Amino acid sequence: MEPVILPVLQTLVFPGFLFLIAVSFLYEWLDRKIYAWMQLRAGPALAGPVGIMQPIADFVKLMGKEDITPAYADRRIFGAVPVLMVALILTFWAVVPVTGAAGLVSFRGDVVFAVVAMTFFCMLIFLGGFSSSDRFSLLGAERAVLQLLGFEIPLMLSITGVCIHTGGLSVSEIVSWQAENGWSILGPQAMGFFIFLVAAQAELERIPFDIPEAEQEIVAGWLTEYSGRKLALIRLAKDMELVFISGLAVALFLGGPIGPSHAGLEWLLYPAYFLLKLALVVAVLALVRGLFARVRIDQMVSFGMRYLVPLSLAQVAATILWRLI
Amino acid sequence: MSSSYERIFDIPIGPQHPALKEPAMLKLKVDGEHVVGVDLDVSYNHRGIEKAAEYRTYIQNLYLIERICGICNVAQTLTYCLAVESLHGKEIPPRARFLRVVAEEISRINSHLLWLGVAAHEIGFDTFFMHVWLDREITLGLMEALSGNRITSSYNVIGGVRRDVTEELLSRIRKGLDELEPRVKRYREIVLNDRSILKRTQGIGILSPGDAMATSAVGPTLRASGIKSDVRADDPYCSHDQIPFNVITADGCDAHARILVRLDEILESIQMCRHCVSRLPAGPILQRLPRRAPQGEVMSRVEAPRGELFHYISSDGSDKPYRCKVSTPTLANLPALVRMLTSKGKYVVNIADVPVILASIDPCFSCAARVEHSGGV
Numbered sequence: 011m012e013p014v015i016l017p018v019l020q021t022l023v024f025p026g027f028l029f030l031i032a033v034s035f036l037y038e039w040l041d042r043k044i045y046a047w048m049q050l051r052a053g054p055a056l057a058g059p060v061g062i063m064q065p066i067a068d069f070v071k072l073m074g075k076e077d078i079t080p081a082y083a084d085r086r087i088f089g090a091v092p093v094l095m096v097a098l099i100l101t102f103w104a105v106v107p108v109t110g111a112a113g114l115v116s117f118r119g120d121v122v123f124a125v126v127a128m129t130f131f132c133m134l135i136f137l138g139g140f141s142s143s144d145r146f147s148l149l150g151a152e153r154a155v156l157q158l159l160g161f162e163i164p165l166m167l168s169i170t171g172v173c174i175h176t177g178g179l180s181v182s183e184i185v186s187w188q189a190e191n192g193w194s195i196l197g198p199q200a201m202g203f204f205i206f207l208v209a210a211q212a213e214l215e216r217i218p219f220d221i222p223e224a225e226q227e228i229v230a231g232w233l234t235e236y237s238g239r240k241l242a243l244i245r246l247a248k249d250m251e252l253v254f255i256s257g258l259a260v261a262l263f264l265g266g267p268i269g270p271s272h273a274g275l276e277w278l279l280y281p282a283y284f285l286l287k288l289a290l291v292v293a294v295l296a297l298v299r300g301l302f303a304r305v306r307i308d309q310m311v312s313f314g315m316r317y318l319v320p321l322s323l324a325q326v327a328a329t330i331l332w333r334l335i
Numbered sequence: 056m057s058s059s060y061e062r063i064f065d066i067p068i069g070p071q072h073p074a075l076k077e078p079a080m081l082k083l084k085v086d087g088e089h090v091v092g093v094d095l096d097v098s099y100n101h102r103g104i105e106k107a108a109e110y111r112t113y114i115q116n117l118y119l120i121e122r123i124c125g126i127c128n129v130a131q132t133l134t135y136c137l138a139v140e141s142l143h144g145k146e147i148p149p150r151a152r153f154l155r156v157v158a159e160e161i162s163r164i165n166s167h168l169l170w171l172g173v174a175a176h177e178i179g180f181d182t183f184f185m186h187v188w189l190d191r192e193i194t195l196g197l198m199e200a201l202s203g204n205r206i207t208s209s210y211n212v213i214g215g216v217r218r219d220v221t222e223e224l225l226s227r228i229r230k231g232l233d234e235l236e237p238r239v240k241r242y243r244e245i246v247l248n249d250r251s252i253l254k255r256t257q258g259i260g261i262l263s264p265g266d267a268m269a270t271s272a273v274g275p276t277l278r279a280s281g282i283k284s285d286v287r288a289d290d291p292y293c294s295h296d297q298i299p300f301n302v303i304t305a306d307g308c309d310a311h312a313r314i315l316v317r318l319d320e321i322l323e324s325i326q327m328c329r330h331c332v333s334r335l336p337a338g339p340i341l342q343r344l345p346r347r348a349p350q351g352e353v354m355s356r357v358e359a360p361r362g363e364l365f366h367y368i369s370s371d372g373s374d375k376p377y378r379c380k381v382s383t384p385t386l387a388n389l390p391a392l393v394r395m396l397t398s399k400g401k402y403v404v405n406i407a408d409v410p411v412i413l414a415s416i417d418p419c420f421s422c423a424a425r426v427e428h429s430g431g432v
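Residue numbers (the working numbering), protein chains in the order written: chain R, 11 to 335; chain P, 56 to 432.
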C-alpha cells in the first residue's frame, strides 16, 4: 500500500471518522438500554436486533425532518454551530488512542489539547444558544457557561493529577507508562477518576447536570430552536463527545487499549480492549444518569467550587507527595 | 439583582410547555435565574361543562360530570351524587357508603402516586417517576376489578354504587393493598433520605400557615403548612365517622412537606380501605330514586385527592338541573400558587424551582378552567 493511502484510510475509516461515528451510535444504544433497564423499561427494541439500530434510525429520521431557522436568529452562526461541533470532535478524536499507545496524532502536550476540546464544545453551545435569539435558548446558553465554571477547573486538575503521576504530558506517554506500571486508577488517581467522571457528566449535560437543557424548566434549553438536519448533527456530536470523553478516561485512567496480548494479535485485541473499557465507562455514566434528580444551576456551581475544586486540589497534592516518596 | 441596567425579561411557561401537562399560562418575569413576578392565566380549556349539564338529565350528567377530571373522577361523581341525593333527602344504604369510601380511597392512592411520579419528573428524576408509575398499575388494576374501568370508573350512581363486590374481589383488593404498602413505605424512605430530592424540594415553594389561611388553600397544600383541615374529618359525608383515620399534616410548609403529606395520605388510605373491606356491612348497594328531583338548592363537598371539591346544584323540579356549579381544588389553590411563585425578601424563586412549585399543588388546570377570564389571577 502506498504510504499516502494508509494515513488517509486511518483518518477516514479506522480508527478515524467512520469508526467514531459507528461507535457513537453503538454506545448511545448502550447508554439508552442501561438507562431503560434502570427504569424497568424495555428501551430501544424494534430497530435491528435488540434495537441496536435505533440511534441510526433516529439520526436518519431527523435528517429528513423540516429544518427551520428562526427569523431573528443569526443565520450564519446558527447554521455553523452543528457542523463545527461535529468537526471539533472528529478532529480531537485523533488524540485518543484506539489501536496502541498513541492515537492517530500524538505530540507533547496533546492532553492539554484534548481538554481544550471540551471548553471549545461549551463555547459552541453558548454560540448556538445565543445565536438562536430565543429566550429559552439564551437561558440555556447562559446556564451552559455557568456550568462550565463549575466543572472545568476540577476536570483540568484531575487530568493534571494523572500527568504528574505518570510524568507525561502526552496521551501516548501516559498510556505506555500505565502499560509498564499498572493502571493509574490504582493509586491516588482513583479520586481523580471519580472527579473526571463527575465533570464529564456535567460536560456531557446529562442528569444530574442536564441543567442547560432542562426540559421541565426551559423546554430544551440551548437546543430549543434546532430542528431537522442541524439537530441530527448536534445529537451526533453529543454522542461522539460521549465516546470521546469516555475514550479519554480510558486512556488516562484505565490503561488505554493496552492489555495482555499475543504477539501479532495486537491489531485485533487492542481495539477490543478499548471498546470493552469504553463500554465500562459509558455504563458507569449511564448508571449515574439513572440515580439522581437534576440539581439547580446555583447548586451545581457551588457543588463544583465547594467540593470538587478542593477535592481535586487535594488529589493533586497527594499525587505530588506520592511522586516525591 | 441590583444591576444598574434592567435585564428583566418574560419567560412564558405555557400555554404549551413540557412542564405543563395541560394548557395554562405562567408569564414569569425573570432577572437572570430569579423570578421577580408572575402572571397566571388558566382559562385555556374552558369546556362549558356546567352549561352542558343544564341540558342533560341527572342521570346523563353523571357521565358528563365524571369527565371534568380524569384523575378525580370518583370524587367528582361522588360530590355530584351526594348533592342529588340530598336534593331527594334520601340516605343511601350503608354498604354503598362503605364501597364509595373504598373507591374514593383507591382513586386517592392512584392520584397521589401519579402526582409523585410527575413531581419526580419535574425535578428531573425520571427513574423514580418510572418506578412509581409501575406501582400505580396496582391501583389501576384494583379500580378495574372494582368498577370495570381503569380510569373513568363510573362507579358512583345516584343512590348508591353501580357494582357489588364478591368475597373473591375483596381478597384481591386486600392483596393489592398488601403489595402496595411496602412500596409506598420505600418511596417515603427515599424521599426522606435522597439528597438530590431534598436539595430540590426543601425550602422551595414556602407557604406559611398564615398565608395558607389567607389564600384559602385546600387539600394537601394546606395540610403541608401544618393546618389540620380535611372535609372527611370536618364534615363526614360517607360514613367517615365510622372509619378510623388520621388527618395528615406536616410542618415543613415547602414542596418536600407536600410530598410527605401525600405519601402519608396514601398509607392512611390503605388503612381506610382495609378497614372498609373487612367491615363491609351487608345489604343492598342501591337506593332507587325518582328521575325528577324536588325543587331546591343544595351544595355538597368532598375531599378530593387535590383538596376540597365543591358542587352546587339548583333544581326547578324537572329531571334536569337548573344550574350546576363546580369549584375544583386547583382553583382554590391558585392564589397560594401565585404567592409561592413570587420572590419576597430572602425567599428567592429560581426558574428551576417553578416546575417544582407548580407541581407541588398538584394542579389540574382543565378542571380549574370553569370561567372565562383574561389577565392574571
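In short, the hints are calculated from the structure, not lab data. Hints are not guaranteed to be accurate.
As the list claims (entries may be wrong) - Listed below are the simulated DSBU-like cross-link pairs for lysine-lysine, each with C-alpha atoms no more than 35 Å apart in a straight line:
no., chain 1, residue 1, chain 2, residue 2
1, P, K76, R, K75
2, P, K230, R, K71
3, P, K82, P, K106
4, R, K75, P, K82
5, P, K106, P, K399
Just so you know, these numbers come straight off a predicted model, no measurement behind them.
For each hint, the structure was consulted:
1. A distance of roughly 25 Å separates the Cα atoms of P:K76 and R:K75; the hinted pair therefore holds under the 35 Å criterion.
2. At roughly 46 Å between alpha-carbon atoms, P:K230 and R:K71 are farther apart than 35 Å, so this suggested pair is violated.
3. About 30 Å separates the Cα atoms of P:K82 and P:K106, which keeps this hinted pair within 35 Å; it holds.
4. The suggested pairing of R:K75 with P:K82 holds, with an alpha-carbon distance near 31 Å, which does not exceed 35 Å.
5. At roughly 40 Å between alpha-carbon atoms, P:K106 and P:K399 are farther apart than 35 Å, so this suggested pair is violated.
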